[in-house]
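Colleague: Read off the chains here:
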Amino acid sequence: MNIVTPSIKLACRNVWKVYGRRPAYYFDSRGYIIEPDALAERLRAEAHLPAVVDATFEVATGEIFVIMGLSGSGKSTLVRCLSRLVEPSAGEILLDGQDLLKASGKELIELRRHAMGMVFQNFGLLPHLTILGNVAFPLKIQGKPVKEREARAREMIALVGLEGREASFPHQLSGGQQQRVGIARSLAVGPELWFLDEPFSALDPLIRRQMQDEFLRLQRMLKKTIVFITHDMAEAFRLADRLAIMRAGKIVQIGRPADIVLNPADDYVAQFTEDMPLLRVITAGDLAAPLEGAAAPDETITADTSLEELIPRLASGVRAFSVAGEGDAPPALLTAASVLAVLEREQKRRTRS
Amino acid sequence: MTAPAASFRSSPRVAVEPALLPWCAFVVLSALCLVLKADFPWLVTFPKEWTLPLAPTINAATDAVVTVVQPAFRALSAVLDAPMRGARLVLVWLPWPAVMLAVAALALKSSGIRLAAFALLALAYILLAGYWPQSMSTLSLVLLAVPISTGLGFALGVLGHGSARLRPALLGALDLMQTVPAFAYLIPLLLLFGFGPVVGLIASAIYATPPMVRNTMLGLDRVPSDIGEAGLMSGCTRRQQFWQVEVPTALPQILVGFNQTTMAALSMVIVAAIIGGFEDIGWEVLSSMRKAEFGQSILSGLVIALLAILIDRLTIGFAKQRPSGPTAAMIWMTGRRLVMALLLAAVLAIAIRLIWPDGSWLPVGGLRMQVGGINQWLLGLVRDYAWFFDGLRNGVLYCLLLPLRIGISGAAVPAIWGFSFSPTANAAYFVAVLLATALLLHRVSWRPALAVLVAGTLLYTGFLGFPWPVFILGIALLAFQVAGLRLALFAAAGFLLILVNGLWGALIQSLYLCTLAVLLCLVIGGALGVWAAYSERASRALRSVCDALQTMPQFVFLIPALMFFKVGEFTALIAIMLYAIVPPIRYVEHGLRHVRADIVEAVEQMGATPVQTLLQAKLPLALPVVMLGLNQTIMAALSMLAIAALVGTRDLGQAVYVALGKADAGMGLIAGLSIAFLAILADRLIQAAVAGRATG
Chain V
1447 MNIVTPSIKL
1457 ACRNVWKVYG
1467 RRPAYYFDSR
1477 GYIIEPDALA
1487 ERLRAEAHLP
1497 AVVDATFEVA
1507 TGEIFVIMGL
1517 SGSGKSTLVR
1527 CLSRLVEPSA
1537 GEILLDGQDL
1547 LKASGKELIE
1557 LRRHAMGMVF
1567 QNFGLLPHLT
1577 ILGNVAFPLK
1587 IQGKPVKERE
1597 ARAREMIALV
1607 GLEGREASFP
1617 HQLSGGQQQR
1627 VGIARSLAVG
1637 PELWFLDEPF
1647 SALDPLIRRQ
1657 MQDEFLRLQR
1667 MLKKTIVFIT
1677 HDMAEAFRLA
1687 DRLAIMRAGK
1697 IVQIGRPADI
1707 VLNPADDYVA
1717 QFTEDMPLLR
1727 VITAGDLAAP
1737 LEGAAAPDET
1747 ITADTSLEEL
1757 IPRLASGVRA
1767 FSVAGEGDAP
1777 PALLTAASVL
1787 AVLEREQKRR
1797 TRS
Chain B
71 MTAPAASFRS
81 SPRVAVEPAL
91 LPWCAFVVLS
101 ALCLVLKADF
111 PWLVTFPKEW
121 TLPLAPTINA
131 ATDAVVTVVQ
141 PAFRALSAVL
151 DAPMRGARLV
161 LVWLPWPAVM
171 LAVAALALKS
181 SGIRLAAFAL
191 LALAYILLAG
201 YWPQSMSTLS
211 LVLLAVPIST
221 GLGFALGVLG
231 HGSARLRPAL
241 LGALDLMQTV
251 PAFAYLIPLL
261 LLFGFGPVVG
271 LIASAIYATP
281 PMVRNTMLGL
291 DRVPSDIGEA
301 GLMSGCTRRQ
311 QFWQVEVPTA
321 LPQILVGFNQ
331 TTMAALSMVI
341 VAAIIGGFED
351 IGWEVLSSMR
361 KAEFGQSILS
371 GLVIALLAIL
381 IDRLTIGFAK
391 QRPSGPTAAM
401 IWMTGRRLVM
411 ALLLAAVLAI
421 AIRLIWPDGS
431 WLPVGGLRMQ
441 VGGINQWLLG
451 LVRDYAWFFD
461 GLRNGVLYCL
471 LLPLRIGISG
481 AAVPAIWGFS
491 FSPTANAAYF
501 VAVLLATALL
511 LHRVSWRPAL
521 AVLVAGTLLY
531 TGFLGFPWPV
541 FILGIALLAF
551 QVAGLRLALF
561 AAAGFLLILV
571 NGLWGALIQS
581 LYLCTLAVLL
591 CLVIGGALGV
601 WAAYSERASR
611 ALRSVCDALQ
621 TMPQFVFLIP
631 ALMFFKVGEF
641 TALIAIMLYA
651 IVPPIRYVEH
661 GLRHVRADIV
671 EAVEQMGATP
681 VQTLLQAKLP
691 LALPVVMLGL
701 NQTIMAALSM
711 LAIAALVGTR
721 DLGQAVYVAL
731 GKADAGMGLI
741 AGLSIAFLAI
751 LADRLIQAAV
761 AGRATG
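Those protein sequence lines, which keep their order, are chains V and B.
According to the working numbering, the first sequence is numbered sequentially starting from 1447.
According to the working numbering, the second sequence is numbered sequentially starting from 71.
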């Protein structure tokens, strides 16, 4: 596969967050490397709570990076470390190559004012402000003139489809609408980095689905760099470019959705992802092989087509697909055999469980 | 198989709970004390020679301090005096049409047309009854006390919210400020600031600040973390975060604090009238009560009640959003129109004063001058139905008050009950108590058995005849087992302090009066609460009664009690009960109505009768809530002690009141602190008991 390495927007290196009486005690010896699991064990034994254990990952520009885990696995703490709402105990967080943890209070406020946006599980709307006031709030904080910030806020409100509700107060809106306001507010300053902390978990399943579509639509338009937290596996697999699975503070696996269902790192991940239908998660791009001189088949599909969509066409007798490459990249080959191999594997998973 | 089982059963070892052992020792010691009390009278009455002269020491210290700092405080007093005079002059100067216009506009903005109508009627009544200038004086004091309390309370609340280290000290101070009766700190205030209305202002600022502190802290603590983080992620600086995110989000709670603070200030301004020197409405009530002019005291009491309700509804209207949304009138009264209306009122006031510079515009004399007839009628009513009022009073006095105070052994003499107990009757009483104890011990557990044993003994000896070492030990032991060593030490230290200050007698008087009032409130209020839980109509009716009772300044309750029952302990009991009966009604109803529906359904499905459902499912489940109500009742009863002293008691409240009369700062403070000690002890005990039940 021929993927151009994209630039790294956000990098998180060996980040720890420990709660307890004196967490700093465990991290003061610089350069001394200790086995993370052993340290976590010791912390627990000594009445400390390691909420995030040695988290390391990178998020590329324009990527949707999903962090998934059960409640209490440390995912919300981790995203708060990334924005320094929670001060990490150790590690480095590089935003465009600059260590965020070294930023002064003033610099941090500047970064939050321009470079970051965040959406919260319970919306975090200010009850005393109207929708317009809420969306314009980050601009007001920056001291932008009323006219400018209201114009921008109206633009954002239109973007999330809430025109006409500008004068309402948050409590007059439904949950889904409130979260649209939360999204509009987080985008008002035009941040490049967008954190979403379980944004749709408080919503009904049907609304949740709508909001996910809405989110994907916005992302196609805006191309933000996204860290998305969720405990909903279907949501994670649906939205993620890449995803990280957390357990007890530790990231147990990072990869593209297909990597994770095809090659689970351990039994925990395997069990966790057991119910995800392979055919829906795996896309044509995941299986496509270089043509290596062979002629491209007539049937052409895009790389993000899921295998599930291909089944009817296989049934009608197509033997191979030509998978369109990104940009100028040459097309790749997807054979019916490789699709059927996945189908067989899925069959085995089902019968085993 | 059967043999080992039988052998297990044949050796019944009663497992003695470790908690029971100290109580066994306690019972033995009590018995010993009771037997020996004839030979050693000091077991019951703490001898005067043993007391420590703590009060004179405090007085000497106070005098020394006062002479040094007095000039500074007198200067402060002079500084405060100017705005007070100013506010009072302005309010008295304002012609009543202007005041009415302004208040009606505020009422429209606050909660609509009905409140505006009520405001106009209430003000019209005050005008016609002839209490306009006095009411304006009271209002001016409230208007000055409220900003002081609100500002101070907000600042302290922010401090308490921000600093985990300051918080315990702050909470302790708040407890003291709310439980020490104001009369107690009036004395040092009088010494420092000199005689005059400024003292009333300071006292009401002290008393009215705590609700604001508590609500500010609560509001800021409860700002949802999502909202706080959203503010931070928007890039708020510390100051922006506080003023634009946290305070606005906490504002509804802070406004509730403002409402409570205003009501407390009003209540205290009226109580402060006791030191006089200020022509306000509290003084009117007090002086007409002292002159036994019931007509006037009812008229002026009604003024206080109306003012209280009006101020309460006005402030609560601004504090809380109506569930049904704003009314048409509230929407019409925009901020701009409100300002216009207030400006119009000011212009009207100036115009009236310019055109009629000398016109008082007040009805001459007012109703209060024509109440001779009403007075006669009321006195006649009391005289005609004397058989009823006296009968009620004597019944309660002889059947409840006296037996509790001096015990059955003391009450069963020809002078009181008309007969004396024969030795057989005495023996029968003891046997009955012991039997009940044994039965409970056998059937239920040792705790209720012990309670019955103690209650039976207490009823026999009376509160006054109960040996103090036993009493202190019992309470300390209870505190130890319920809440731990610290509270036990606190209880023992507090009681010992009261003991060595020679206030034991007053303490016991307070205890028995409060115990009786609380018990009666629980029984009557509890029954009303059960009724309200089952009947919508009763609930609605009782809710408005409770609202009214809770808004009244404590002072008002003395009026009807005094009118019908004259001076005496029974009158104090009635006044205390009027004030303390609201919590049991409210909490019992709330507790019963919010019992988990699935449990009630399960019990009903098993075929329980309604009475069984109530007694065996609902009440036990509602118990934690009822306990909170009990806590509130005790607090209310204790806080009413100092006020009830005005109608003649012999308790700690009276000790405070007498000290106030003698300007005995030391004794006043000690007696006041004793009341606060009782309140705090009861509060901690009940809270620990509720928490203990909740955790297991």
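FYI, nobody ran anything at the bench for these hints, they're computed from the structure.
Please note: incorrect hints may appear among the correct ones.
[Said to hold, decoys possible] A short, non-exhaustive set of chain B residues, derived as facing chain V with CB atoms under 7 Å: (1) A194; (2) E299; (3) Q310; (4) F312; (5) V317; (6) A563.
[Claimed, not checked] Pair ranges (Cβ atoms, derived): (7) B:R308 <-> V:R1600: 28 to 36 Å; (8) B:R666 <-> V:I1454: 30 to 38 Å; (9) B:R407 <-> V:R1600: 25 to 33 Å; (10) V:P1591 <-> B:L693: 23 to 31 Å; (11) B:L229 <-> V:A1694: 33 to 41 Å; (12) V:R1600 <-> B:V160: 29 to 37 Å.
Even glycine gets a Cβ: it sits at the ideal position worked out from N, Cα and C.
Colleague: Indicate, hint by hint, whether the structure satisfies it.
Modeller: Hint-by-hint comparison with the structure:
Checking A194 of chain B against chain V: minimum C-beta separation of about 36 Å lies over 7 Å; hint violated. With a cut of 7 Å, the hint placing E299 of chain B at the interface with chain V holds, because the nearest CB-to-CB distance is about 5 Å. Because the beta carbon of Q310 of chain B sits about 6 Å from the nearest beta carbon in chain V, less than 7 Å, this interface hint is met. A cut of 7 Å between beta carbons decides the hint on F312 of chain B: the least distance to chain V is about 13 Å, and the hint is violated.
Given the 7 Å rule on beta carbons, the hint for V317 of chain B is violated: about 10 Å separates it from the nearest Cβ of chain V. The beta carbon of A563 of chain B is not positioned within 7 Å of any beta carbon in chain V (closest approach about 33 Å), and the interface hint is therefore violated. Range check, R308 of chain B to R1600 of chain V: about 30 Å between beta-carbon atoms, so the 28 to 36 Å window is met. Our hint of 30 to 38 Å for R666 of chain B and I1454 of chain V is violated, since their Cβ atoms are close to 54 Å apart.
For the hinted restraint 25 to 33 Å between R407 of chain B and R1600 of chain V, the CB-CB distance of approximately 29 Å keeps it satisfied. Between P1591 of chain V and L693 of chain B the CB atoms are about 59 Å apart, so this pair departs from the stated range of 23 to 31 Å. With their beta carbons about 39 Å apart, L229 of chain B and A1694 of chain V fall inside the hinted range of 33 to 41 Å. The hint said 29 to 37 Å for the Cβ distance between R1600 of chain V and V160 of chain B, and at roughly 47 Å that hint is violated.
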